[in-house]
Amino acid sequence: MKNTAFIRMHEALGAKIVPFAGFNMPIQFEGVNAEHETVRKAVGVFDVSHMGEIWVRGPKAVELLQKLLTNDVSKLVDGKIQYTCFTNHLGGIVDDLLLYRFDAENYLLAINASNIEKDWKWMQENNDVGAIIENASDTTSQLAIQGPKAMATLQKLTNVDLTTIPYYTFKVIEFAGLKDVIMSATGYTGEKNSYEIYFPNEYAGKIWNAVFEAGAEFGIKPIGLGARDTLRLEMGFCLYGNDINETTSPIEAGLGWITKFVEGKDFINRAYHENLKINGVTRRLRGFEMIDKGIPRQHYEICDADGNIIGKVTSGTMSPSLKKAIGMGYLKTGFDAFGQEIYIKIREKLLKAKVVKTPFYEG
Amino acid sequence: MNIPDNLKYTKEHEWIRMDGDFAIVGITDYAQNELGDIVYVEVETVGETLEKEETYGTIEAVKTVSDLFMPVTGEIIEFNEELEDNPEIINSDPYGKGWIIKIKPDNPSDIMDLLDSAGYKDLI
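Chain order of the listed sequences is E and X. Quick note on numbering: my numbering labels position 154 of the first sequence as 154, and the sequence is numbered without any gaps. Quick note on numbering: my numbering labels position 104 of the second sequence as 104, and the sequence is numbered without any gaps.
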């Protein structure tokens with residue numbers, strides 16, 4: 001099991017540590033609901049250093065990325081970020097990720113911790129064009145600083161005006177007296193003006209202390225993976241391994257907006273996904289909220305009123321912000337209209353729910 | 001960790017306390033802490049007689065679903081309805097307001113065979 005550069009901080013703060021994607025990670029500090037509320041109302045800090053970082057460089061970088069990724073890399077300009085995914089040959093997704101363009105020959109991919117080795121192998125196997133690929137996952141740390149007071153917290157630590165870094169853009173800045181910190185206006189919580197920062201492991205102690213000191217007046221707190229999951233689910237954001245995987249098409253998953261069938265972009269298995277887009281899917285990922293009392297959980301069956309199976313739950317929880325049980329799952333077409341009543345099979349009972357638009361939570 | 005001396009305990013982290021002819025059952029402070037924020041408790045066995053160690057209900061934390069087990073054989077008389085809207089009182093007061101069911105034990109002396117506070121402390 002690996003540790004991030006912040007393991008001692010987590011232990012000192014009394015975190016409950018669990019193995020996750022090959023790392024010892026804090027699942028919670030004071031409690032999921034309290035941490036969730038900290039992020040929605042103030043500011044929280046997530047150690048997301050388990051996530052992977054892979055560089056793609058050189059004159060062939062774009063060619064490789066256009067082949068591997070569903071979103072249109074040619075639309076990126078320096079300092080911009082795209083949400084995108086790798087597709088496999090089987091109609092599914094290898095991973096979903098953020099793609100950062102530093103310049104025409106330097107791109108950074110921020111990938112899921114659980115997929116680092118798989119992605120690395122996938123990229124090497126498919127790199128017949130001769131791009132340069134570097135895996136910087138073990139030497140790069142990452143913190144997510146999220147919530148309404150995130151900007152005010154981080155602004156104290158840099159001279160760069162953070163309002164010049166809009167959503168889904170980044171800058172390489174001096175931060176907390178340290179050079180070359182990547183300040184990215186992104187996140188997995190739905191909070192506006194929130195950030196993810198990337199830096200070498202050696203900076204970890206100094207940055208952690210500086211951020212907590214700067215945020216003290218706003219009640220800044222460390223946040224575990226438990227609240228990370230409830231926060232992202234309230235936004236209807238997909239979690240790889242739950243809502244998307246090797247067998248789900250981005251078209252089925254509602255990720256058509258990052259799947260670009262443009263001329264000259266022949267990404268892996270494009271024809272399959274394009275056919276789904278043109279001729280229609282047989283199932284679609286949807287959000288739903290419970291009407292009857294009960295909490296949907298991953299793998300529970302979704303049924304029609306007669307008990308016929310029409311899908312499966314991929315994620316579910318009691319939403320801390322809404323105090324409602326919410327979930328996502330793939331529904332057979334015909335049952336995926338907003339407002340449609342569906343039934344979740346919980347402990348052999350069919351409990352009523354209805355299909356709703358995401359995000360569940362609107363700030 | 002709070003482990004009151006006047007209660008009896010099971011390996012499944014339930015506590016039980018005699019109350020006249022009846023007994024009150026809940027989960028321990030250790031259990032609520034391990035589970036984390038409790039968001040749902042379901043007991044649909046009121047009126048039934050269940051054997052020791054049978055499942056009488058379900059307790060859900062944010063990330064987990066766990067069964068609730070009978071500490072002794074008996075009839076389930078009452079479910080703490082306060083838990084329907086405020087399941088988090090199990091976190092804040094596991095031995096008091098966060099009690100879960102009232103039962104009528106078939107044989108009250110069964111309770112004496114359960115763990116005392118020292119025995120439960122050794123277990124956790």
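One thing to keep in mind: the hints can contain errors.
Claimed, not checked - Straight-line distance between alpha carbons at most 16 Å, and here's what the computed EDC-like set of lysine to aspartate or glutamate pairs gives:
hint, chain 1, residue 1, chain 2, residue 2
1, E, 293, X, 122
2, E, 323, X, 88
3, E, 293, X, 84
4, E, 324, X, 84
5, X, 63, E, 30
6, E, 352, E, 341
7, E, 293, X, 85
These are calculated hints, taken from the structure and not from any lab test.
Hints the structure violates: just list their numbers, smallest first. Checked against the structure, the only hint that fails is number 1, while the rest are satisfied.
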